[in-house]
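For this one, chain V is given, so just place chain B on it according to the hints.
In order, the protein sequence lines correspond to chains V and B. The opening position of the first sequence corresponds to residue 7 in my numbering, with each subsequent residue numbered one higher. The opening position of the second sequence corresponds to residue 7 in my numbering, with each subsequent residue numbered one higher.
Don't take every hint at face value.
Just so you know, same-sequence chains aren't split out, so a pair can sit in one copy or run between any two.
Claimed, not checked - In silico SDA-like pairs for lysine to any residue, Cα to Cα no more than 25 Å straight-line: (1) Lys-104 <-> Leu-28; (2) Lys-198 <-> Gly-26; (3) Lys-62 <-> Asp-88; (4) Lys-179 <-> Thr-50; (5) Lys-198 <-> Arg-79; (6) Lys-198 <-> Tyr-212; (7) Lys-104 <-> Ile-244; (8) Lys-198 <-> Leu-182; (9) Lys-99 <-> Arg-178; (10) Lys-102 <-> Ala-56.
Simulated from the structure, these hints should not be mistaken for laboratory data.
There are 2 protein chains.
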Amino acid sequence: MRRISLSLSPGDLADGILQGHLLVAIDVLRASTTICQALVAGATDILPVAEIEEAKQLAESLGRENTLLCGEREGRIIPGFDLGNSPLEYTPKRVKDKALVMCTTNGTALLARLRSGEEAVIAGFVNAGMVTRYLLRRKDDVAILCAGLLGQFCLEDAVCGGMLVAGLEQRRKVRLSDGAVAGKLLYKRFAKNLLAMLQASNHGFYLTSLGFGPDLEFASRTDACGVLPVFREGRIKI
Amino acid sequence: MRRISLSLSPGDLADGILQGHLLVAIDVLRASTTICQALVAGATDILPVAEIEEAKQLAESLGRENTLLCGEREGRIIPGFDLGNSPLEYTPKRVKDKALVMCTTNGTALLARLRSGEEAVIAGFVNAGMVTRYLLRRKDDVAILCAGLLGQFCLEDAVCGGMLVAGLEQRRKVRLSDGAVAGKLLYKRFAKNLLAMLQASNHGFYLTSLGFGPDLEFASRTDACGVLPVFREGRIKI
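Here chain V stands alone, though its shape is the one from the complex:
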């Protein structure tokens, strides 16, 4: 039977457990959501990196005229960068036909840990339906990876992972890891009001205090962005 595992924290990732799995990476607040919105708005490529200096060097090497430097630390735009990590900044006017070098605390740091040859689909609530349909078309075991918050569990990624688990389980016979069972139950608890869950979560509460409340509202819109971002060999494309 097909296995579905959900790693609730980035610390759950051990070497080797990803091999032979379809990978899904989740960082609802906000990298997943922002990446989906950026691709909808016409960005050509997104290059996730873990460190600020690495981001600057990569943007220089690509040529700054068609490249934007994007990212945050502690939720705020990195000084000298073109864009922060709010999906609402990623309008066609700003990002169309641009490559984005993106450096965020949790989401792109997770992607940067994947090894050469590993690919991952990026998922948030905003594209959960697309991701579920993609997973239903394939037959491999699935490993869903939550980016978490500063290396720890965060509620919103677990709930989003649980939404994918619930969608798969509804249509196929699957065997769930303990993490997948937990995520599914948490999703069912919050399915009727994802925005309230985001607002009550530790990171959502913090982002709201910084004035990013509208980002939570955007992140809670199920299937608002009809894209399937795939991370492969260092870059994310549709």
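Just chain B now, kept in the frame of chain V:
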């Protein structure tokens, strides 16, 4: 307001996050449960270690007449050891007035990561009421640590942690981490049938396949063991 955090996976543990917290360590299947039962049965001390060779050397140095070597790998007794990790083996006849050197895959490995000066209370369903009353008497922030399974999330430790969170929240105003919120919700989902939850969990299913079904039944007995084991400076005592 008093903070309650619940680390759902051992990978969530970062240096420094434990400082200034009352620590609670949970490994329902089976180290927590076995430690409680061993102390009820009259063991004087339990010395948790991470590695098998370390266990053998420690037992030799303590003198083998009053020391038992205890532990498991992949659920089974370690060859040459006196006892495995089934709570049902820990009868007064076997363990009364003995020191136990204990080496298990998840639970004692978690304790071995705590640093000198850090102390932790050991909790399972079998002593959850004692642990909750102890935490209610104190005022410090609380960090509850799940041992997990091979470095990953496991359902039963999260549910047990959630039982403690629910007990504290019922009596005091507390601020919960995302992990504590998730644990509490999982506990509420399974509170009425802990045994069925254990049987359906990944590790419970495996232990049942090895013939340890009765251990799950024992582990599910809320407050069966009225002890408060405390780990301090390398040893666990009441």
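Right, here's what the structure says about each hint:
1. With identical chains, the CA atoms of Lys-104 and Leu-28 are never at most 25 Å apart, being 28 Å at best within one copy and 50 Å at best between copies.
2. Neither within a single protomer nor between protomers do Lys-198 and Gly-26 lie at most 25 Å apart by alpha-carbon distance, with minima of 34 Å and 37 Å respectively.
3. In this assembly of identical chains, the alpha carbons of Lys-62 and Asp-88 lie at most 25 Å apart only when taken from the same copy (11 Å versus 59 Å across copies).
4. Neither within a single protomer nor between protomers do Lys-179 and Thr-50 lie at most 25 Å apart by alpha-carbon distance, with minima of 37 Å and 49 Å respectively.
5. Proximity of Lys-198 to Arg-79 under the C-alpha cut-off of 25 Å is found in neither arrangement, the shortest distances being 31 Å within a copy and 43 Å between copies.
6. In the homo-oligomer, the alpha carbons of Lys-198 and Tyr-212 lie at most 25 Å apart inside one protomer (22 Å), although the nearest pairing across protomers, at 35 Å, exceeds that limit.
7. Only within a single protomer do Lys-104 and Ile-244 lie at most 25 Å apart by alpha-carbon distance; the minimum there is 14 Å, versus 64 Å between protomers.
8. In the homo-oligomer, the alpha carbons of Lys-198 and Leu-182 lie at most 25 Å apart both inside one protomer (23 Å) and across protomers (22 Å), since each shortest distance falls under that limit.
9. Taking the shortest alpha-carbon separations for Lys-99 and Arg-178, neither the intra-copy value of 42 Å nor the inter-copy value of 51 Å comes in at or below 25 Å.
10. In the homo-oligomer, the alpha carbons of Lys-102 and Ala-56 lie at most 25 Å apart inside one protomer (24 Å), although the nearest pairing across protomers, at 54 Å, exceeds that limit.
Consistency note: the structure conflicts with the earlier hints numbered 1, 2, 4, 5 and 9.
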